[in-house]
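Participant: The chain contents come next:
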Amino acid sequence: MSERDTSIVRADAYFAFSPLRVGAMVMRYWYLLRGSWPRILELAYWPTMQVILWGFLTTYLAQNSTLFVQAFGVLLSAVLLWDVLFRGQLGVSISFLEEMWSRNLGHLLVSPLRPYELLISLMTISLIKTLIGIVPASLLAYALFDYSIYTLGLPLIGFFFNLIVMGWALGLVMSGLVLRYGLGAESLAWVAVFALAPLSAIYYPVAVLPEWLQPFTLALPASHVFEGMRAILIDGVYRPDLMWAAAGLNVLYLIAGSVAFLAFFRRARTLGLILNLGE
Amino acid sequence: MDAATAAISVRNLSKRYASVTAIDNLSFDVAPGTTTALLGGNGAGKTTTISILLGVLLPSDGAVSVLGEDMLRHRYRVLPRMNFSSPYVDLPRRLTVKENLRIYGRLYALRDMKARIAELGEALELMPLMDRPFGNLSSGQKTRVALAKSLLNEPDVLLLDEPTASLDPDTADWIRTFLKAYQKRTQATFLMASHNMGEVERLCDDVIMLRTGRVVDRGTPQALIDQYGRQTLEEVFLDIARGRAADGTAAQ
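One line per chain: the protein sequences are X and A, in this order.
Under this note's numbering, the letters of the first sequence match residues -15 to 263, in that order.
Under this note's numbering, the letters of the second sequence match residues 124 to 375, in that order.
Wrong hints could be hidden among the right ones.
[Said to hold, decoys possible] Simulated DEER-style distance windows between Cβ atoms:
| no. | chain 1 | residue 1 | chain 2 | residue 2 | range |
| --- | --- | --- | --- | --- | --- |
| 1 | A | Gly258 | X | Tyr134 | 56 to 66 Å |
| 2 | A | Tyr305 | X | Ala169 | 33 to 43 Å |
| 3 | A | Ala346 | X | Leu246 | 22 to 32 Å |
| 4 | X | Asp225 | A | Asp254 | 49 to 59 Å |
| 5 | A | Ser150 | X | Leu197 | 51 to 61 Å |
| 6 | A | Gln310 | X | Ala247 | 35 to 45 Å |
| 7 | A | Thr144 | X | Leu167 | 23 to 33 Å |
| 8 | A | Glu357 | X | Ile24 | 47 to 57 Å |
| 9 | X | Ala28 | A | Thr309 | 43 to 53 Å |
| 10 | X | Val175 | A | Arg196 | 37 to 47 Å |
[What the hints assert, rightly or not] Some residues of chain A that are not near chain X, with every Cβ distance over 12 Å (derived):
| no. | residue |
| --- | --- |
| 11 | Asp152 |
| 12 | Arg365 |
| 13 | Gly366 |
[Claimed, not checked] Covered by chain X, per the in silico footprint, the following chain A stretches (three or more residues, Cβ under 8 Å):
| no. | segment |
| --- | --- |
| 14 | 170 to 177 |
| 15 | 231 to 245 |
| 16 | 309 to 319 |
These are computed hints drawn from the structure, not numbers from a lab.
Everything numeric in this text was worked out from a predicted model, so none of it was measured.
Every residue, glycine too, gets a C-beta built ideally from N, C-alpha and C.
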């Protein structure tokens, strides 16, 4: 009795996965972005400011340290790559928050859209937003400081995806928390990533940290990425072991983040929170 | 009518929160092609029932089926044939009317989305509003857009939560006329929660009266009015909300 093929609804409305639905949600976030130049500007603003600040600092340090003369781009690359993680997480969390702010989630979740399709669309728009933010900043680094992050070569692609996937995993957990605890948990979405910054070995090697802290650091994909980045820029060596360690951890984190989101979603359904969400 | 032939079937449905029973062993069927109202005071269980029917709230006990599908296990088999409208659930405010309808048109996999949006735009007099942000519209205009969204997939079952709340009488009357004509044309099944008794009398074939999460009475609007010896459905509503039975005694 359930399926029909009318002139109105196509058969793929019943499919367990539909690229059309994922595309619809990406389009929804794109419309929002496209319709507001301050939102686009905001995406590029912070990475750009970071590059300018750290670029001048690196220039100063290079005048006084042979280390920075040898590897001028260490700090600038670290800044840009850290922003990939930060933007990746925000891209998921803030897009999800848009649904809460607009009180639209109830309509979405009674449509044929599956929760995992929503997650895929959040990750897709996060990728788009991150590229919009990072690419201009990386070009600015080249224009102002004659440093191109693209000299990292092909490993840069691996670094980028490892960091953005870690950001997605964190963003999914934050989105689940907001779904479960409401907009009172909104501030977590903005600040959670900073709790991981000291452990991510962004600007210093893992060896600098106390021994007891190092296992926690090595449990984060980001620390392997930044160690790998320094290996290329300082020692001129690509370390595939670090790349694989980050990728393996990310698989676990992404699964854990998705499971956490779906568990929070189910809890929200049990508690009757979904139609009551809003500002 | 049994569960197999009903458009909506609710059996022994309960929803309990920590110390509150929102609905208590609720059972009812809604016949295909009819309009049924869930009536009751605040906290009677109307929105809870609608939320469970939509699958966004999990019950503590019981079963619900829509168009023959178990909504707790297979809701995605029937969601493409259902829809929902409520003044308490918005659409993205910064997106234009057209953008909102396009997004939902894709979510419902419309065969000819452009034509469908144009058709509904004409029917609901939305064409001059298509390029305006949803958030800039008046309450009446927003209600018409939300209604267009809820009719995009030409649903066989439409759940309406207070469809004319906060609208001026003229707009509310326009919406009711539209819904009535739509229901007559498509033979869709409507289940609505409303506090507007005039609206219920005008639109509904059947009324389910709820109080503290239980069905306390049921019938056509006129049958309930006769049964309670009242002039209007509003008086019947007050009797039930205040715990008076049809014979004038205090209800259990």
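Participant: Of all the hints given earlier, name the ones this structure violates by number, lowest first.
Facilitator: 1, 3, 16
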